[in-house]
Amino acid sequence: MITAVHFRNFKALRSAAVRLEPFNLFIGPNGSGKTSLIQALLRLRTLSGLPVIHRHDVPDQKPGGPQIEFHFAAPFQNVRVTLGCNSDEFVCNLLVVDHPPGLPGEGQWAGLRTQLQGIRAFLFDHYAMAVPARRSDGAELSSNAGNLAAVLARRREQAPVAFRQLEEDFCRILPEFAGLDFRDAGDGRVELAARLAERKELVAADSLSQGTLYLLATLTLAHAPAPPTVVCLEEADRGVHPRMLREVRDALYRLSYPKDAGLERAPVQVVTTTHSPYLLDLFKEHPEEVVLASKSGNAATFMRLSERTDLLELMKEAHLGDLWYSGILGGIPGE
Amino acid sequence: MNIALLSESPADEAALRVLVGYVLGQGFNQISPSLRARGWPSVELVLPAILRHLHFNTNADGLVVVVDSDDSPVHTAEHEAPGYHHPYCRICRLRSVFRRTARNLPPARGRDRVLRAVGVCVPALEAWLLCGRDTSVTEAAWVAGQAAGRPPYTRRELKWRVYGTERPALPHELRRAVQEVSRHHGDVRRLENDFPQGFGALARDLRGWRKP
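Top line first, the protein sequences correspond to chains A and B.
The first sequence begins at 415 in the working numbering and counts up one residue at a time.
The second sequence begins at -16 in the working numbering and counts up one residue at a time.
Hints were generated in silico from the structure; no laboratory data involved.
If you're wondering where the values come from, they're calculated on a predicted model, not measured in any experiment.
It is possible that part of the hints are untrue.
Said to hold, decoys possible - No more than 16 Å apart at the CA atoms, straight line, and that leaves these computed lysine to aspartate or glutamate pairs for EDC-like:
hint: 1; chain 1: B; residue 1: K142; chain 2: B; residue 2: D170
hint: 2; chain 1: B; residue 1: K142; chain 2: A; residue 2: E699
hint: 3; chain 1: A; residue 1: K698; chain 2: B; residue 2: E140
Can you make the complete structure from the sequences, with help from the hints?
In structure tokens:
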């Protein structure tokens, strides 16, 4: 849906642009703009829900101030959205929309605005996931997945087929479990538990491992009957054994390429980050899905890995993850 | 027999388990936990440690190693000449690692060494999976394409042909891999004919294990 984002003087992104694909894995050192991109997308969502400002109504802005410009895929390719930001605090409060004139243009913006309202970002928190959640909070997964129990309990009731598929996937990946269960925790709250395959015992969420909870949250997104339009997931590899990273990638691919999974819904654009060379290795056949964030001094830039003309030659000698770690691809911390 | 399998992915391992049984003509006990490498060149790097581990710590009779050739030179009959070693051929390189490592290991657990079987999928496992179903996919076609500078197919295309997508989910990949190799019903002659070096070398190594 979002085809490109151009940054000007926004934090470390002084003059940077990134083209976005249906699936995007961002790698790079800390402070290289990965999270800034996700913050920009969230700000876009928030401001697009407010009354719109058109180009001709824009108040005078400080020239050269922070600005983020978004471009979109068809049928919204003629709509351009710009975020104007306060240069001192990097707070972006000004959303300027350019769209074709008249009702057709208004209609395009209305359609795009609906899509933008579906942008979601996640940084899972296993402590939050482990505690019982209010049943009434189960409409959609929250940014830290703290309402995981409520979301899954509701899904089991309202979308049993989707829930069963998720449960099957979970038990296939972690065969020590035979299913998921829920217990009433009082005060309208529900507690999540996983059933052990051998002894049929229930393991409460607060006794499940960090990685198990992260994986379950990722699967909850991947199997959502009505997923967000854009999913931003920080540190997709966190807590997961290197051999199981393939499952994480597959779950995220399920969002971006639903047809490949036999699903009839619209693709979800995925923006995810990692510091794991092992996860990166899994993209050797799709380097166009990887974006390298680099930092030179205080300025950060983005580059698609597929733009490296010698990449195929380099990959004959070493793994993608090792190439990245070695530094020859860039995207490493300054020392 | 107790056999360890070292491959690049769970689907490779699942297919290999079937094929090794077909060549040996009998079931076998797979050494666990399963071994995995991240692909070339990790296989070559981790192989000495794996051999040492299997030799001293397990009752493995043999180790089967199968990797993808990617764009590396395909093993040929000339490479089989005594003392010959092609520096870029993956079969030659893996055999060399076996030789070097075994030389430094004293007998253990009642055997001199862990037996070796090495195969290379040209250019990837999916080519073996298509054997007999897609006659354009053979080692000869790949070698001719390499010589002409125009590979007859890419790894991505092979994935499409096998899985119907470039991004198969793991369960689908596993299912298709086992389905396709099971088409051979225990008879691997077609695989040996179409992939005489990459698969043929593996089969010859495995048959050598049965000799007294």
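Which numbered hints fail: The structure breaks only hint 1.
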